[in-house]
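If you read the sequences in order, they're chains A and B.
FYI, the working numbering numbers position 71 of the first sequence as 71, with every residue one higher than the one before it.
FYI, the working numbering numbers position 187 of the second sequence as 187, with every residue one higher than the one before it.
Don't read these hints as lab results, they were simulated from the structure.
One or more of the hints may lead you astray.
As the list claims (entries may be wrong) - With a straight-line cut-off of 27 Å between C-alpha atoms, the simulated DSS-like cross-links for lysine-lysine are: (1) A/Lys36 with B/Lys469; (2) A/Lys152 with B/Lys394; (3) B/Lys461 with A/Lys21; (4) A/Lys97 with B/Lys227; (5) B/Lys390 with A/Lys152; (6) B/Lys227 with A/Lys21.
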Amino acid sequence: MTKTFSTLLELPWVEKYRPHKLNDIVGNEETVERLKRIAEDGNMPHMIISGLPGIGKTTSIHCLALELLGPDLYHQATLELNASDDRGIDVVRNKIKQFAQTKISLPPGRHKIIILDEADSMTPGAQQALRRTMEIYSNTTRFAFACNQSSKIIEPLQSRCAILRYNKLADDQVLARLLEIVKLEDVKHNSEGLGALIFTAEGDMRQAINNLQSTVAGFGFVNDINVFKIVDQPHPLVIQKILASCTNEKNIDKAIELLDGLWNKGYSSIDIVTSTFRVAKTLPGIDEKKRLELIKEIGFTHMRVLEGVSTYLQLCGLFAKICEL
Amino acid sequence: MVGIDEFFKSSRPAPKKKTEPSGGLTAEDILATIPDAHLPDVVEDKKFNFFAHAKATSSTGGADTPEIPSAKENCLSGLTIVFTGVLPSLDRDAAENLAKKYGAKVTKSISSKTSLVVIGDEAGPSKVKKIKQFKLKAIDQEGFIRLLSEMPAEGGDSEAAYKAKLKREDEERKILQQIKEEEDAAQAKKLARQNELKVKQEELVKKAASSNRLPPEPVKEISDDEKLWTVKYAPTNTAQLCGNKGQIQKLKNWLDNWFDNAKHGFKNAGPDGSGIFRACLISGPPGIGKTSSAHIVAEALGFDVLEKNASDVRSKTLLNSNLKEVLTNTSVVGFFKAKDSNEHNKNDKRFCLIMDEVDGMSSGDHGGAGALSAFCRITKMPMILICNDKSLPKMRTFDRVTYDLPFRRPTEVEVRSRLMTIAHRENIKLDPTVIGQLVQATNNDIRQMINLLSTVSKTQKSIGSDEAKDVAKSWKKQTILKPFDITSRLLNGQIYLPNSNHSLNDKIDLYFNDIDFAPLMIQENYLSTSPLGVHTQPEHLERVALAADDISLSDQINSLIRSSEQQWSLLPFHGVMSSVKPSSEVAGNINQRINFAGWLGQNSKTMKYQRLLQELQYHTRLRTSTDKKELRLDYLSLLSKKLTLPLVKQQELGIEEVIDVMDYYYLTREDWDSIIDFGVGQDKGDVILQKIPTKVKSTFTRKYNAATHPIAIYKTGNSVTSGGSRKEKVDYEDVVDDDTAKDEEDESQADSSDKIDSKKDKLIKEVKPKARKPAAKKKKTS
C-alpha cells in the first residue's frame with residue numbers, strides 16, 4: 001500500500017462517487033431516459049420511484065431536482081424529508097402544506113419539488129393527508145416519492161403519480177462502475193475479485209461499492225478470497241452445486257465433499273442453511289412440487305439449528321434426505 | 001369493445017351467406033372448418049368429432065408455447081369470445097389479450113350473445129351446460145390459433161363484423177367531433193382570458209397613472225403546458241365526466257332540490273328517496289372522478305364551494321369550533337355578481353360544503369367522524385362527503401344520515417373517447433385496442449391512465465399494443481391484497497401450472513401480503529376446492545391429508561416464531577408450509593364462497609371457557625382436590641347432573657336439593673349457568689335447559705337470591721371499591737369528550753373570556769389536568 005493513513009479516512013466511496021447528473025446514472029436506461037426528457041422539458045409529474053435498495057432511486061430524484069432547478073434554486077425550492085425526519089400527520093398538514101403554499105419565483109416549467117424518501121415508512125394517515133395537497137398545489141409544487149415497496153403507498157397516492165419501477169442492475173453495469181472507481185482510486189485487483197464483488201452484491205450498487213472499499217481498507221488487494229472474507233457468506237454457487245448433486249445426480253459423496261469445504265472454512269450451520277433456503281427457492285431445473293418438498297426439508301433443519309442443534313451431522317442429514325426425495 | 005354480435009345466436013343458426021356481399025369470407029365459414037372441441041360429459045353428442053378429441057387430449061401433454069401466427073388486423077372484430085378452463089399451453093391472460101388485440105370482445109360469462117367459446121381442460125360444469133343450452137360453437141386452443149391465422153382482416157365480411165366496423169367508425173367520428181369542440185372551447189377560453197387580463201391591466205395602468213405610480217407587473221398566468229395533464233384535462237362540465245352518469249344526475253337532483261326539501265323540513269322522500277337527507281356520501285375507489293363530480297355539479301348549480309380534506313385537521317373540537325358556524329352562513333360571492341349575469345341567481349348566496357376523504361380521518365382527528373355525522377343531521381347547507389371505502393367500521397356512523405351514492409369504476413367504453421381525445425390533442429398516436437390494456441393495468445383508474453400517458457409520451461410518441469404490454473406491466477398498481485383475494489389466488493389452480501409464470505417467490509409474496517390472515521384463511525378454505533387433475537374421491541382425500549399435514553407442521557414453526565423464541569427468520573418457511581404448500585396440494589376450482597377464518601371466533605370461545613373453568617375451580621377448591629383440567633373431566637359431568645336432574649324430575653320440589661349441592665361446593669348462581677354451558681352431546685346446555693320449565697327456573701333463581709350463601713374465596717380485585725382507582729383511569733378519550741362538551745356549554749356563555757382560548761388549543765399541555773377535574777366532578781354528580 002502506497003497510500004498514507006490520512007487519505008484512507010475520506011468520505012465513504014458511495015458518497016464520493018454518487019452521481020450528480022442523470023447522465024452518470026447506471027442502469028434502467030429507459031426510465032432514466034424519461035427522467036432526462038423531463039429535466040429538459042420541465043413540467044415534472046408527481047412520481048413514485050420504487051425498487052430494491054442500492055439501485056439509484058434517491059440519487060435519480062436528486063439529480064433530476066438539481067438539473068431541473070439548478071444549483072442556486074435547488075436548496076430553496078426543494079424540501080426533502082426522509083425516514084429520519086418526523087413525518088407524522090402533523091408535519092404533512094403543517095410543514096409540507098406550508099412549503100407547498102410558499103411562493104418562490106421559478107423559471108417557467110419549473111416547480112417546487114418535495115422529495116419524500118423512504119415513503120413506504122410513512123403512516124397511512126400521513127399519506128391520506130397528502131392527497132388533496134398534491135392536487136390543489138400541483139400548479140406550483142410537485143412530489144417525488146422513493147420507496148422499496150410501492151404496495152406500502154396507499155392506492156389514492158399511486159393513482160396521482162407516475163410510477164417508475166427500477167430494476168436490479170445488470171452485472172456488467174455494476175462492473176463498469178466498479179472499474180471506473182478502481183481506476184480512480186488506483187486499487188490493486190484481479191478480475192476474480194471484481195466478479196466476487198458483483199456476485200455478492202446481487203445488483204445492489206451501493207453494497208458492491210461498500211464491499212469494495214472495505215476490502216481495500218482491510219486487505220489492500222481485491223481478489224475473490226479477500227472479498228468473501230469481508231462479505232462472509234457461503235458462496236451461493238457452491239450451495240447450488242451441492243443441491244444439484246443431491247437432486248439430479250443423487251451423489252451424496254460429492255455433496256458432502258463440497259459441504260466439508262464450506263464447513264472447514266468456518267461457516268456456521270445457520271449461515272449454510274439460510275443460504276441453502278435462498279438458493280432452493282430459485283434452483284433451476286426442478287418442478288414446483290419437488291421444490292416445495294425440498295424447502296420443507298431445509299426449513300425443518302433450519303428450525304432444528306435454531307433450536308440449538310447446529311452440528312455438522314444435521315447438515316449431512318439434510319443433504320442425505322434431499323438425495324432421498 | 002364493440003360487441004353487438006348476435007350472429008351465432010341459437011335462434012337463427014342458419015348461415016347468412018345469401019345476404020352477404022359475394023366472395024367474402026365470414027367468421028362462420030372459417031369456424032365451420034374448425035372442428036368442435038370435446039365437451040366433457042356430453043349427454044347427447046351433438047357433433048362429436050373424434051379427431052378433435054384425440055388432438056385435444058394429445059396436445060394437453062406438451063407445455064411448450066405454440067407458435068402464435070401473426071393474424072390480420074382486427075380479424076376477430078365483431079366476435080364475442082369466452083375462454084374457459086385451462087388451455088393446454090397458452091396462459092389464460094395471454095389468450096384473452098391476444099383475442100382483444102385482434103378486436104374481439106372477451107367476456108367472462110357465457111350468454112346467448114357469445115359467438116364462440118374456447119374451451120380447455122377442467123372447464124366448469126355450469127359453463128359446459130350453458131354452452132349446450134345456447135348451442136354455442138366450442139373450439140379448443142388449436143382451433144383458436146387456426147381461427148387467428150385464417151380470419152381475414154376486419155373480421156371478414158359478415159354482418160356482425162360490418163356492424164362492428166360501422167360502430168367503430170362512428171365512434172371515431174364522435175371523438176373527432178369532441179376534440180374539435182374542446183379545442184374550440186379552449187381557444188375561446190384563452191381569448192376571453194386574454195381579453196380580461198388586458199382590460200384588467202389597462203385599468204391598473206390607468207389607476208397607476210392617475211395616482212402617479214409605476215404601472216404594476218403584469219399578472220403572471222400559468223400556461224397550460226406547465227400544468228399536469230390531470231389538471232389540464234380535468235373535466236369542466238358534466239358531459240366530460242366518464243361514467244357514473246346516473247349517480248351524477250342523482251347528485252344534481254338532490255343538490256338542486258335541497259332548499260325545497262329544507263322548506264319541508266326534510267320530510268318528503270321525493271321520487272328517488274333523496275329528499276330526506278341533508279348530506280350525501282359519494283364512495284368509490286380512487287381516480288374515478290368523485291371529487292371532480294362533486295365540484296362540477298356544485299359549481300354548475302351556482303353554489304359556492306367550501307372544501308375540507310385530509311390535509312386539514314378535522315378533530316371533533318376543531319369541527320365544533322370552526323365548522324359549526326359556517327354551516328349557517330351565506331356566501332358573499334353572490335353579492336359581487338351582476339344581477340342578470342347568472343341564471344342560477346337563487347343559489348348565489350349559498351354554500352356547499354365538500355368534505356373530502358372522510359375515511360382519511362385518522363389518529364389526529366379524534367372524534368371527527370362522530371361529530372361530522374352529527375352535523376349531517378342538523379346542517380343548514382348541503383354537505384357532500386366523499387370517501388373510498390364505505391364498508392369501514394368508522395364509516396358506519398354515516399349509514400343512516402347520508403344519501404348514499406356509490407360510484408363505480410368506469411368501463412373501457414366510457415373511458416375510451418376521453419383518452420382518445422387527450423391523445424389526439426397531445427399528438428400521440430394511440431392504438432384504440434391499447435386502451436383495454438391500460439384500463440386493466442390501472443384498475444379503471446382514469447387519473448392514473450392520464451398520468452401514464454403523460455409520462456410515457458415524454459419518450460414515445462406512438463403507443464402500439466406491444467409497447468403497451470410492457471408499459472401496463474410496469475404500471476400495474478401494487479396494493480396490499482385483502483385476505484379473501486390472497487386465498488382465492490393461492491387456492492386457484494392456475495398459478496401452480498408449469499406454464500404459469502409465477503415463481504415460488506411470487507407465491508410466498510402472496511403470503512407476505514397478510515402474514516397473520518393468509519394461513520388462517522387457507523386452513524379455513526382448503527377443503528372447499530376440487531383439486532386439478534384429481535377425479536376420484538380417495539385421491540382427493542389423499543391430497544387433503546397432505547395439505548392437513550403441512551398445515552399442522554406449520555403450527556410448529558409458528559410457535560417458534562411467536563413464542564418467546566421470536567425466530568422471525570423462519571417466516572418465509574412458515575409462509576411455504578402454512579399457505580403455499582397446502583394450497584399447492586389442493587388447488588383447483590373453488591367450489592364454495594370463500595369463508596372468513598373461523599379460528600378467531602373459536603379461539604375467543606376457548607378463552608372464555610378457560611376463564612369460566614378457572615372461576616369454577618377457584619370456587620370449588622375447598623371441596624375438590626384437582627386442577628382445572630381434572631375438574632372439567634371428572635367433576636363437571638356429574639355436577640351438571642346433580643344440579644339439573646332434581647329440577648327436571650321433581651320440578652319446584654327439587655330446588656332445595658340443588659341449592660344444597662351448590663352451597664356444599666360454594667357455587668354461585670352464575671356458576672350454575674356455566675356448568676350447564678360446559679355440557680356436550682346429550683347433556684348439551686340447550687337440551688337440558690329446555691327440559692326445565694321456565695317457571696321452575698325463575699323460582700329457583702328467586703329462592704337462591706333470597707338466601708345468603710357461603711363464599712369460600714373472595715377475589716382480591718372485588719374487595720376494593722371502584723372510587724379510588726377511577727380517577728387515575730380517566731384516559732385521553734374521556735378528556736376530549738368532556739372537553740368538547742364543556743366547549744359547547746362555554747359557547748352559550750360569554751365568548752370573550754380568556755379561558756376558552758387556551759382550552760381550545762390542543763397543543764397546550766397544561767389544560768389536561770384542568771379538564772380532568774370537571775370530568776371527574778361530572779361523574780360524581782351523575
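> Any hints this thing doesn't respect? Which numbers, in order?
Replying inline: none
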